[in-house]
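Asker: Model the full assembly from the supplied sequences, consistent with the hints where possible.
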Amino acid sequence: MELRVVDQAANKPAAKAKAPAPIVQDAATHRRNPGYPLDLDWVERIRMNRSALERRASSLPARRSVKKDYQAAWLLKAITLMDLTTLNSDDTPGRVERLCAKARHPVRQDILDGLGVADLDIKPAAVCVYHAFVKTAVDALEGTGINVAAVSTAFPHGLSPLSTRLAEIEASVADGANEIDIVIERGMVLRGDWQALYDEVKAMRKACGDAHIKTILGTGELATQTNVAKASLVCMLAGADFIKTSTGKEKVNANLPTSLSMVRMIRWFHEETGIEIGYKPAGGIATAKLSLDYMALMKEELGTHWLQPHLFRFGASSLLTDIERQLEHTLTGHYAADYRMPMV
Amino acid sequence: MNKIAEIFTSLDYGPAPEASDIALAWLGAHENRFGHFIDGQWTKPGKTFATENPATNKPLAQITDGTADDVDAAVKAARAAFPKWSALSGYQRGKYLYAIARLIQKHARLFAVLETMDNGKPIRESRDVDIPLVARHFYHHAGWAQHRDREFPDHVPYGVCGQIIPWNFPLLMLAWKIAPALAAGNTVVLKPAEFTSLTALLFAEICEKAKLPPGVVNIVTGEGDTGAAITNHPDIDKIAFTGSTEVGKIIRKATAGTGKGLSLELGGKSPYIVFDDADLDSAIEGLVDAIWFNQGQVCCAGSRLLVQESIEDRFLEKLKKRMATLRVGDPLDKAVDIGALVAQVQVERVRDLVKKGVAEGGQLYEPDIDLPATGCFLRPALITHVSTANTVATEEIFGPVLVEMSFRTPEEAVALANNSKYGLAATIWTENVNLALDIAPKLKSGVVWINSTNNFDAAVGFGGYKESGFGREGGKEGMASYLKPKWEKELQPFKPTAVIPAKAGTHPANPLDDTGSIDQTAKMYIGGKQARPDSGYSRPVHGPAGLVGEVGDGNRKDIRNAVEAARAALGWATTSAHNRAQILYFLAENLEYRADEFAARIKAQTGEDGSLEVAASVERLFAFAGWADKYDGAVHNPPQRMVATAMVEAIGAMAILAPPSRPLLGSIALIAPALAMGNTVVLVPSEKSPLSMTDFYQVLETSDVPSGVLNIVTGESKVLAKTLAEHDGIDAIWFAGDAETSTMVEQASVGNLKQTWTTSGLYYDLSDRQKFEGDYLLRRATQVKNVWIPYGA
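Sequence lines, in order, name chains A and B.
Here the first sequence is numbered in my numbering, starting from 1 and rising by one per residue.
Here the second sequence is numbered in my numbering, starting from 345 and rising by one per residue.
The set of hints was computed from the structure by calculation and includes no laboratory data.
Note that the structure is predicted; figures quoted are calculated from it, not measured.
Be a bit skeptical, because a hint or two may be false.
Claimed, not checked - Residues from chain B shown here face chain A by an in silico Cβ test under 10 Å; the list is partial:
id	residue
1	Leu355
2	Gly358
3	Pro359
4	Asp472
5	Ala622
6	Asp623
7	Leu624
8	Ser626
9	Ala627
10	Ser796
By construction, the Cβ of each residue, glycine as well, lies at the ideal position given by its N, Cα and C atoms.
Answerer: What follows is the structure in C-alpha cells.
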C-alpha cells in the first residue's frame, strides 16, 4: 500500500510550554508517528471476526504461562509498563500526592532487595490524572523521570466543544503533562464518520505538540470488533502515538479479544508504514495474572520488542498492589496480604 | 547478573512444567506392567511390549500383547453380560454413564498427564481439550441412554461391539466408541492402539470404581493381530473402527458377508479455504488450530490450505511469521504449542513424505525454532508451490505439515477441495455469510467449519464422506450407529418362489427366434434415452406360461455408460425437495394411469395377480414424494457460541440391485427413497422379471424425471453387481438378494469404500409399510453433514 507521509510542517507542535521529553527507551530508533492521510479504502478492508478473536483470546492465557523467577521478572516489567492512575471525581491533591509517592516506591524495598533487583530502578512509566492535578503530579514526581499523563478532552465522554477540548489539551501540556490521553467521540464511529474522527484526532495531536497522544476509543461502546479496528486505524492515521481501549468508565473495559483487534491493527499499520504504535489496555486489569496474559498477548502478536514503556502501557491502580503481593510470594513462598503493602 | 534481572531484559517464557508424579505413582502402583481388563477382572500380564514416552524415548510400562484367546475370553464376557445390561432401564444405564463422567472429571489431571506422557501431545491440549470432551461425551450419552426408547422406538442394540481405536486421541476416541455403545445397551470389547494403551487401562479402573457390571466393558491391549482377532471374531455383532483408510479397507473386506454392523472413521486431507474477504489474522490463528493441533496427527486436520490468489502472498507472509512463534518442546510444559509425535516411526514417515514433496517441486518452509535434543519432535512445516498432482497434496501426512495451493474463484475452491478421495472435514473462512453458506453444502465432507476449525462436541455428529468412512459419532446420528430395528434382528432366510424354467444362457437377439408377433426386446434406459445393450445380446424373460419377452443383456460397458449418466445428473440433489416431490407424485400418477397394463405384466411374469403390487407401488411413490421435503436435518446447540446445522444430504450416485421377487414393487420400494433424497440411481431390476421396470421407461418419460436421474440396466444381477460395486463412480450400493452375492458386493465395495446395504439372503418384505415406508431406507440413502457456524457481531 502506498502511503504518503503528511507534510511535517503542517504537523508542527503548537505547545505553549516546554514539557519534559517522554521516556523512550529505544529513543535512537523509535520514530514518532508522523500521521498519514485518511485512507478510507484501507478502513473498509478491515475484517474482524468476533468468535475467532474470542477463541484465540481464550486459548492464549492457557498456551503461555510464566513461573517462578520468570514470573517475578515479568511482573517487575509490568510495573514499568504501568500508567498508575487515579481518575475519580473525588480526587484531591492529597490523593494524587499519595499516588505519586507510591510511584516513586512502587515495591517495598525489602522485596526488591530480597529478589536482588534493587538496581533495576523499577518504577511505573507514568502517573495518570485529571487535568486539575497535573501540576500536583509534576511537582510530586520531579526528578523521577516518571511521566505525567493527563486525561484531557472532556474525559470520559469527549462531548464538549472541540475548541474547549483543544484548549484543555493545551492547558494540560502547559501545566507540564507530557502525555495526553484523549477520548474520541464514540458517535463518530457508530455513524461511520471517519473523516470527522480523523480531523478531530489530528487537531488534538497538533494541540499536544511534543506530548505523546494516546487515543481512548471507548471500545465498550463501539459495538463491534470491526468498529474497534477501524477506529484504531483512523486514530493511527491521524497521528496517535498510542491507541487505548477504555476510559474505565464504560460498562465494558479492556479485554483480550478487543486487545487482539487493536494490536493486530497496530501490526498492520507497522507493516504498511514502518511506524510502531503503542497499545494501552485500561480498566479492569487488576490482577498480576491478567497483566501477564496481556504481556503474553503483546509478545505473541507483536513481539518482545513491544514490551517496552514507549509501546505498551497498562492503565492501572490496584494492579500494582497485587503485583507487589505476588513478588513477595515469590520471595518468601508465603501468600501476602494487601494491607502490608503501602497503599496506592 | 541476577537471573531475574536477566529475564527482565530477555522476557523469555521459561519452563512451566506440569508435574508428572501423579502418573508415575499410578504406573508404579501397577509395577509398570498391565494385563487386560476382562469380565471385570485384571488378567496377569502375558507376553508384553513396551509403551514409551515419545518425548523422551523412555519406556513407561509393559503392555500385554493380546492373543486370540484373550479376545475370545473378552467376547465371551461381553456376550454373557449383554442380556442383563441391555435389559436394564435406560435410566439405570444412564446412571452408570453419569458416574463414569463424574469419575473422569475427578481424575482429570491424572488422565491428562498420563495421556500426554504416553502420546506426546501438549498438556494444554490433553487438559483443556481431550479430557473435558471425554467427560462431556459420557454426560451427553447418559441422557441418550435414558431417552433411547423414546427417540429410537422399536430399536435394539447390536449386542457385542468390537471397537478398535487409534493413538492420536486415545481416551477421546475410547469415549466416542464406548459412550454411545453403552448408552444404546451394547457391551464392548475395545482395543486401544499399541502406542497408547495407558489411559484405556486407567479408564478400566474407572469402570470398576463406577461398579459397572463385569463384562460390559472389556479392554484388550495389543497390536494389529489383536485387532484382527476382534474383527474376525464370529460372535461380535458390530465393529467400530477409527484409524487409517488402509486398515479400514482391510476391516471392510474382513467383515463382508458376516452381517456385522460396521462404522469406519478414517483418514482425511481436509481443505482449509481462505477467501479474500476473511479476517486473515484469525484465519492464520485458525490454521494453528487446524494443522498444528496435536502435531497435525488429526484425521480431520486442515492440511490442505487453499488461499484465494488475490491474498496469497500476504497470507503466506503472515503464516510464516506466525509459524516462527510456535513453541515446540516438552509436552508437559504448559507453554508449548507442539509436542512430540507419537513414535519415531511416524517421524520417519512424515520426513519421507516431506522429502517427496520437495522432490516433486514443493518449496519447504520451516521456521528456525529450537527442538529438544531427543524425542520425536518435528518443526512445523509449510510446503508451497504444490499442485494437485503432487503426493503431498493427495496423501494424508498425519504430521505438522501444511501444503498450500491457490484458487481464483469460489467454484475453483470447491473443485480443488473436492479433488480428493477423502471427505472428512473442511474449513471455510469468509466474512460473507452468503458465500460461506453457498460453499458449505458443495463440499463433499461430513463436517464443515465456518470461520473456525476443529470444533467437536458430543451433540454434533462427526464422520466422513467418501474414503473417510461411514457412520457418525456423536449426536443422534451416532446413537443410531449402535442400534438396529428389532425386526432386522429377527429376519428369516429368503425362500425363493418356485423357479420358473428358463432357457439356459443367453443368445443373440435374433427376431427370427421370437415366436411372438412383435419384437419385445426391451432396451436399457440410460441418460434419459433408451439404449441398445452394448453386447447386442438379449435375455429371455419367462413367466409361468412361457416366454414373456426379452430384455437386453447388460454388460460392464452398459454399466459404465449408466454410471456416467448418473454422475452427470448429480445436480438432482440441488433440485428443491418440493420439485423432487412433485416429480415422484407425477410418477405415481402416471403409473396408476397404466395400472392395468402393469398388473397384467406382473401376472405374465410371476403368475400372481399384479394389481395389488401396482397399487402398493403407487402408494410407495406417494409415500416418498411426501418424505422428500420432510426428512431433513437438525440444528444442534454445542456449548460454544455456535450453531451446528446437521444437513441431510444425498450420498450421490447409487447402484440399486432389486430383489428377484416383486418385479415392480421390488424396484420402486428401493428407488423411491433414493430419488426422494436427491440421489441419482443406476437400477438393475429383478433379474428374473425385469419387464415391469423396462415398461416403466414410458412412465419416466411422461413424468419429467430429468435424464440420468434414473438409469436402468437389465441383465444378470450378480455380474452387474460386481461391476457396480467396483465402480469408483458409485457412492453407495444396495443389493437385495442372496448371501453369496451380498458378500461379494461388500468385498468389492472396498475400492472407494462405498456405503453398502445388502439383504444377505434374508427376506426383507419390501411390501411392509411399517418397515419400509419410513426412515429405515431414508437413513441409508443419505449422509449427514454438520456445518458449524459461529456467530457474534
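Asker: For each hint, tell me whether it holds in the structure or not.
Answerer: Results of checking the hints against the structure:
| no. | hint | result |
| --- | --- | --- |
| 1 | Leu355 | 5 Å, holds |
| 2 | Gly358 | 3 Å, holds |
| 3 | Pro359 | 7 Å, holds |
| 4 | Asp472 | 6 Å, holds |
| 5 | Ala622 | 7 Å, holds |
| 6 | Asp623 | 4 Å, holds |
| 7 | Leu624 | 7 Å, holds |
| 8 | Ser626 | 3 Å, holds |
| 9 | Ala627 | 8 Å, holds |
| 10 | Ser796 | 6 Å, holds |
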